[in-house]
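Chemist: Below, each chain spelled out in residue letters.
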Amino acid sequence: MDEAQIYTQIPHNLVKSLNVKPQSSSKAAAFTEAFLKNSLQKPSQYDLKDMLTHKAVILGYARPKKESAKRSSKKAKGLNARQKRKMKIFQIKPEHQRYELFLPLHELWRQYIVDLCGGLKPTSNPQFVQQKLLKADFHGAIITVVRSKCPSYVGTTGILVQEFKHVFKIITKENKLKVIPKRNSVFAIEINGFVSHIYGSKFEQRASERSAKKFKVRGTIDL
Amino acid sequence: MCADLSRTPRTLLVCDRSSFLDHKNRVSSQVEQLHFIYKVSVLLPECNSASSSLDSVFNSFTSFYLIRKLPIYELLDKDFLQSAVYQGSVHGLSFRTRIDEDNCVALMPNGRLTLSLDKDSFELLGFEGKPSRFNHRSCSRFEVSVDLTDSSMAPGGRGYLRLLTGLKSHLQLQTDFLLSHHPGGGASLQALLSRYDWSEHKPKVSRRCLSNLVCPAPRSCDPHSLLEWLGAVDADVRCENSSSSFLSSFVCPEANTTLGHALSVSVSGLLLPHDVQRLIQELRCYLQQPQLESWVSLTVHGFTDSLVSWGGSEHGALIGGQDFYSLLMFHDHTYRLYLSTATCHTCPP
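Protein sequence lines correspond, in order, to chains A and B.
Our numbering puts the last residue of the first sequence at 223; the count rises by one with no breaks.
Our numbering puts the last residue of the second sequence at 572; the count rises by one with no breaks.
It should be emphasised that the hints constitute simulated quantities derived from the structure, not laboratory data.
Mixed in with the good hints there might be a few duds.
[As the list claims (entries may be wrong)] Here are the simulated DSS-like pairs of lysine-lysine, each with C-alpha atoms no more than 27 Å apart in a straight line: (1) K121(A) <-> K84(A); (2) K391(B) <-> K178(A); (3) K425(B) <-> K182(A); (4) K342(B) <-> K149(A); (5) K132(A) <-> K169(A); (6) K216(A) <-> K165(A); (7) K149(A) <-> K121(A); (8) K178(A) <-> K262(B); (9) K342(B) <-> K216(A); (10) K391(B) <-> K149(A); (11) K342(B) <-> K353(B); (12) K342(B) <-> K202(A); (13) K425(B) <-> K178(A); (14) K262(B) <-> K391(B); (15) K182(A) <-> K86(A); (16) K149(A) <-> K178(A); (17) K173(A) <-> K391(B); (18) K262(B) <-> K182(A); (19) K262(B) <-> K176(A); (20) K88(A) <-> K391(B); (21) K353(B) <-> K149(A).
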């Protein structure tokens, strides 16, 4: 119904037949307010106006069940460490230990680093690049051992296949999978002419944990 | 350093008394043991000038070569190995490098290449070695020793390639190098020499005539004081202990006689043990002539900065690095050999 119709004056013919007296609008407003005030119950502890401004009013007792229960059941389906070890998930099969299989990974890594360092031009600030590299992921990089306490590691070079807390696993051009401890070795990583040296002893973290770690600046580092 | 002077390292003196006529004498084997000889000095008592045959021996010491800035991987060159190392004995020693401080290289006549490297260089090289015996608490020096005549070090072999790449790309070691070859001389080294800046050197011979020399009786004198006296004569220290000179309070050991004149000859350079052998033979002939004083002394000094001393054993100069021997010869073919080392080195054989 139209609002204007409610507020219209009672027509003259009706005034006579119903025997009512039309009230002026201001009087009507005052009356309505008074009527409502009397008829509404006043809860003592709540401010009614305040209550009406609250947004959500839940009607009904039972809450809808969340998805969380379902999700946790999904998580439980995953393998635990022992199962993973048994299934040898993180071990590369001998037939897959081929250098050329990992070359695409290296290309991906190259793109990733170039993106990360914002183009990586020869004019880039080497310190900026190193700051980025510290937090970067190295899977797919070609790394070389340049210094080591153990002479037989020196000169080993290959694509980094897996990084663990204490070792790098690399695959060499001779299709050999080599495990190299990070401690007591210095690694070199070359990308677009930038050669960065990594002191493995300071790098003994998992790749995921390293991204959150703050590296301290030190004057000299000894193996 | 001052603290160290209060307790000087003990030294070892081995005295050997025998005769050349005894076929078990070990003179020639002892002489061969000291590979890098820097100086030979001879004292001839009661002699004005050396005989012509003796003089010719002094002047005919094999000349040696100095190569400037030789990259060490050149010593592994195939042609060099074939023309020089396999054919005879090469004596090679890095020059102007200090043992205990710099990286030193030596190529011994038996074909053994020895490198004495500091920690950083060793880690860069990537070739197996063992910690030096002169390390104290921390391992700061390493010795890499390879036998170039071994089958694994034949050109193209695994060990050969590894050392070659190590010296070529990882650790570009360059030193001035002293080189001499027996019996080929310069001819067999020519291929190597032609590629670098080199110079040929003759061993320097210097003669000194001494007069009115106070001399102890060599047969009865105590070896330590005799050696000290020989050293004083060689260094031209007067033994009069006169009041005007306070530089030295050294006195000649008792029971001394005065010699009218004596001749002291010294030869210095990179000398070969083979030439020393010849000199000993010549001195024996010289002793057969009728003489007033029938003895001569011959002292042979090794290089201070040589990284090998007796045989192939390691040498360091930090705590007493002397290695020399003195040979005292008499006209009845008997001799006395004094071999001296610091106790930290191995005992002379």
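Chemist: Now look at each hint and say whether the structure bears it out.
Modeler: Hints versus structure:
no., hint, in the structure
1, K121(A) <-> K84(A), "violated (42 Å)"
2, K391(B) <-> K178(A), "holds (24 Å)"
3, K425(B) <-> K182(A), "violated (53 Å)"
4, K342(B) <-> K149(A), "holds (9 Å)"
5, K132(A) <-> K169(A), "holds (22 Å)"
6, K216(A) <-> K165(A), "holds (19 Å)"
7, K149(A) <-> K121(A), "violated (34 Å)"
8, K178(A) <-> K262(B), "violated (52 Å)"
9, K342(B) <-> K216(A), "holds (25 Å)"
10, K391(B) <-> K149(A), "holds (19 Å)"
11, K342(B) <-> K353(B), "holds (11 Å)"
12, K342(B) <-> K202(A), "holds (19 Å)"
13, K425(B) <-> K178(A), "violated (54 Å)"
14, K262(B) <-> K391(B), "violated (34 Å)"
15, K182(A) <-> K86(A), "holds (26 Å)"
16, K149(A) <-> K178(A), "holds (17 Å)"
17, K173(A) <-> K391(B), "holds (21 Å)"
18, K262(B) <-> K182(A), "violated (50 Å)"
19, K262(B) <-> K176(A), "violated (54 Å)"
20, K88(A) <-> K391(B), "violated (41 Å)"
21, K353(B) <-> K149(A), "holds (12 Å)"
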